[in-house]
Amino acid sequence: MARIFGIDLGTTNSLIALMHSGQPRVIPDIRTRNLLLPSVVAITPDGEVSVGDQAIAMEPHLKSAGNGDSANGSPAATESHGVVIRSVKRFMGLGGADLAEEDRRRYAFADFSGPVVRFKVGDKTFTPPQVSAEILKALKFRAEEALGNDEKVERVVVTVPAYFNDAQRQATKDAGKLAGLEVERLVNEPTAASLAYGLQKLTSGRVAVYDFGGGTFDVSVLSVKDGIFEVLSTNGDTHLGGDDIDLIIVNSILGELPEAMRGDRGVWNTVRLVAEDAKKLLSFQEGVVVEIELPGRVLKHEISRAQLEQFAAGLIDRTIECSRRALKDAKLTPGEIDAVVLVGGSTRMPLVRKRVQDLFGREPLCSLDPDHVVALGAAVQAGILMGTNDDMLLLDVVPLSLGIETVGGVVERLIFRNTTIPTSVTEMFTTAVDSQTHVDIHVVQGERELAADNRSLARFKLGPISPKPAGVPRIAVTFLIDANGILNVMAADEDTGRGHMVDVKPSYGLTDEEIERMLEEAIDHGEEDVERRLLITARNDAEQILAAINKQLGEYGRLVDDDERREILAVSAQVEEARAGTDRDRISQLVERLNELTTPFAERIMDESIKLALEKKSVGELT
Amino acid sequence: MDGAKYMNCPSCARQLESAELACPHCGGPTGAELDCFAALGLAPALVIDGSALERSYHDLTRRMHPDRFVRRDPSIRDASLRATALLTRSYRTLREPVARGTYWLMRRGVKIEDNNRGVPVDLADLVFEVQDQLAELRGAERGSTAWCALADSTALRRHEVAAQEHAAAADLEANFRRWDANDGDPAALTEELKTVLARIAYLRTLGRDVDRELESVEAA
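Going down the list, the protein sequences come from chains A and B.
Here our numbering is used: the first residue of the first sequence is 1135, the next is one more, and so on.
Here our numbering is used: the first residue of the second sequence is 403, the next is one more, and so on.
Be careful, since some hints might not be right.
Claimed, not checked - Cross-link-like lysine to aspartate or glutamate pairs, in silico, EDC-like; alpha carbons within 16 Å at most: (1) A:1359 to B:617; (2) A:1286 to A:1316; (3) A:1462 to B:613; (4) A:1359 to B:456; (5) A:1465 to B:498; (6) B:513 to B:594; (7) A:1434 to A:1472; (8) A:1462 to B:594; (9) A:1465 to B:613; (10) A:1595 to A:1616; (11) A:1307 to A:1627.
Rather than coming from a laboratory, the hints here were simulated on the basis of the structure.
Fair warning: this is a prediction, and the values are worked out from it, not measured in the lab.
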């Protein structure tokens, strides 16, 4: 049977891992050795997709194709120029009406009313599960390439934020399906992290996992005993992450710009990237001066760590508040926690570490890289499902209560938050008027008293019911939340014992038919997709080497003679020409040839730099 | 929905003679609906050893969980899902004394009405005093000396409510022991159990009301 792989489908980065000799390992890209795949997807106007570093490399091209125009102007002006989508995870499970103002400004969307958000690129639209599927396909491709033995990646465990609701989980499963993967299990990210640590040092006790990622915050409290990882409570915010800290920095920088520039999508993107870098640097140094290239000038802006901490304090407060609520739900005090685990890139911030340490009164664990630990845990869960880690078992909880709308729009809770899953509840329904043939049921998720204040999950019609006086029919409806945290509904007539058709219409997300259609389209393009990805890779390689040679000929031109230069330029021109075409093999061959041709040149540069370095050093020693 | 007696084991297809969580032949999940005690392999009794209960829950869940039946026949996976959901529900019910007592009554056909039956007589004084105090606190000007004093005495009241709840929990345990020892007329034990449960429910609601007020005090 095919092996199961573990995938961390993150807001900022995604990873794929597997169990190897009893230990989880993240699989690197064989070319770059990178373990992280940036969760960035670029789509050109003609629908060509690239992912990760390749998508980031596309950004200037898409921009030069006219992405620098004002967002305040007509949105139609930007729609035909392709798009680079970051943090697509933030859009999973959202309906058009859920889009925040901030997001509406960042991307072009097809409509603001449907049950699924749709990104608009040219005359095509892409749903978040489709975009996420591209990231999953890239991970699948990466792993298959690295394994290199014709082993296919078909079965996976995918992690999701613990606080993801039903629609967000369903959207993640849909993404897997669209990528041609069998999602054997969704695992909550903090719980996955505890599994990764579980193999190492957490074998018993009470554990708090604080997971502050790029886009989401989760906290889970677990009890670990006899290999059973039992979640006691979870809390979080699916729209609170490092991205939000970046935004505050962005706004502070934009404040220094003339009014007219602030709405510019191109400027906005540049500032956002600079802000993210600055934030990362400030985890290691006290201050940083950022330089922002603007049309016509360079803006210098100084940010100190103290300033950043002031910006971020409010957001960190919210994470601490969530942590307190999780502890309260677990009926524990901070002092009763035996270990605290840090997960997610945002936990690199010194202030975050300090606040967590202050809350729990103990130093948090971070021996596993906070960017890798979730993927490692996903691989451990994959091992559990394959039966190789069968002394371990994960018992997670449902993050939000589930209920049905009753008279007057009031919610009757059927399953309370923090109930261990899988779990089920059976509720009796009957008719309100004589000869009623259907009963409408509205399922909601959330903690508020009124249905309208909670997240609508699904509506379904129970029936057909054979005509009887009001109140006579007895229909038992079972609401079952499976181990993925996803709701399943079954109904049976109490008198006849016959099962009822339940036609569940999810309030958000894609219908089965839509997924089928997308899949059919995708299968048609399956072969093409792989070929296209390889072509993009070859083109990027070509671009890289051309840029490098160009730069070196400028800097170290004196190290080549005229014949050599002429030859290098000739082959470069051939590479350039091939790059514009679609013959991948030809591009690769020419790149290879150029590589060989320039090797002696590269060696000379190396010698020269070493010499220079040594000279500098001796000068330094003299003074 | 589950005619357990007529069922065949979804894993080994052999006929099952009685409703059990795991098939006596192959050990696989049967998916049968069982009593909470039976699900966890316990004889029906009200006094329960918490750690033994947890061990049993862990042990059975480890064997029945859907993680163990990935890619098996849908009927087996369905049975595993049902068995695990049943184990979780049973564990949650039996672990907590109030839920356990309520379930015990339900099992004997006694329904507990919603606790709208009015304040238990001996709690009346406490309840009215606390409610008055909460009303006064809400009415007082935030941060004023009177408000601070009220907040302090409300916090003290909270301890009093907690102490009462603690005492009621002890009464509950005593009632449990008498049931298990067959010490008393079942009708009288049932009445007593109902009274203690109602009392605890009332004290908990009262405690929550006070907590909510104290939280807003802390926030201010």
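Has the given pair, residue 1359 of chain A with residue 456 of chain B, been kept, meaning a C-alpha gap of at most 16 Å? With Cα atoms ~10 Å apart, residue 1359 of chain A and residue 456 of chain B stay inside 16 Å; holds.
Tell me if the straight-line CA distance from residue 1359 of chain A to residue 617 of chain B falls inside 16 Å. 33 Å, violated
Run the distance test for residue 1465 of chain A versus residue 613 of chain B: straight-line Cα separation, threshold 16 Å. Status holds; Cα separation ~14 Å.
Restraint status (C-alpha distance of residue 1434 of chain A to residue 1472 of chain A at most 16 Å): 46 Å, violated
Is the straight-line distance between the alpha-carbon of residue 1462 of chain A and that of residue 594 of chain B 16 Å or less? 31 Å, violated
Between residue 1595 of chain A and residue 1616 of chain A, is the straight-line Cα distance small enough, at 16 Å or below? Given pair residue 1595 of chain A, residue 1616 of chain A is violated - Cα atoms ~22 Å apart, limit 16 Å.
Going straight from one Cα to the other, do residue 1462 of chain A and residue 613 of chain B come out at no more than 16 Å? Holds. Residue 1462 of chain A to residue 613 of chain B sits at ~12 Å (cutoff 16 Å).
Measure nothing beyond the straight line between the CA atoms of residue 1307 of chain A and residue 1627 of chain A; if it is 16 Å or shorter, mark the hint as holding. Distance of about 31 Å is beyond 16 Å: violated.
Given the proposed pairing of residue 1286 of chain A with residue 1316 of chain A, does the C-alpha separation stay at or below 16 Å? The hint holds at about 12 Å.
Hint consistency between residue 513 of chain B and residue 594 of chain B [alpha-carbon to alpha-carbon, up to 16 Å]: Satisfied, since the Cα-Cα distance of roughly 14 Å is no more than 16 Å.
Holds or violated: residue 1465 of chain A to residue 498 of chain B, with C-alpha atoms at most 16 Å apart: Answer holds: residue 1465 of chain A to residue 498 of chain B is near 13 Å, not above 16 Å.
When each numbered hint is compared with the structure, violations occur for hints 1, 7, 8, 10 and 11.
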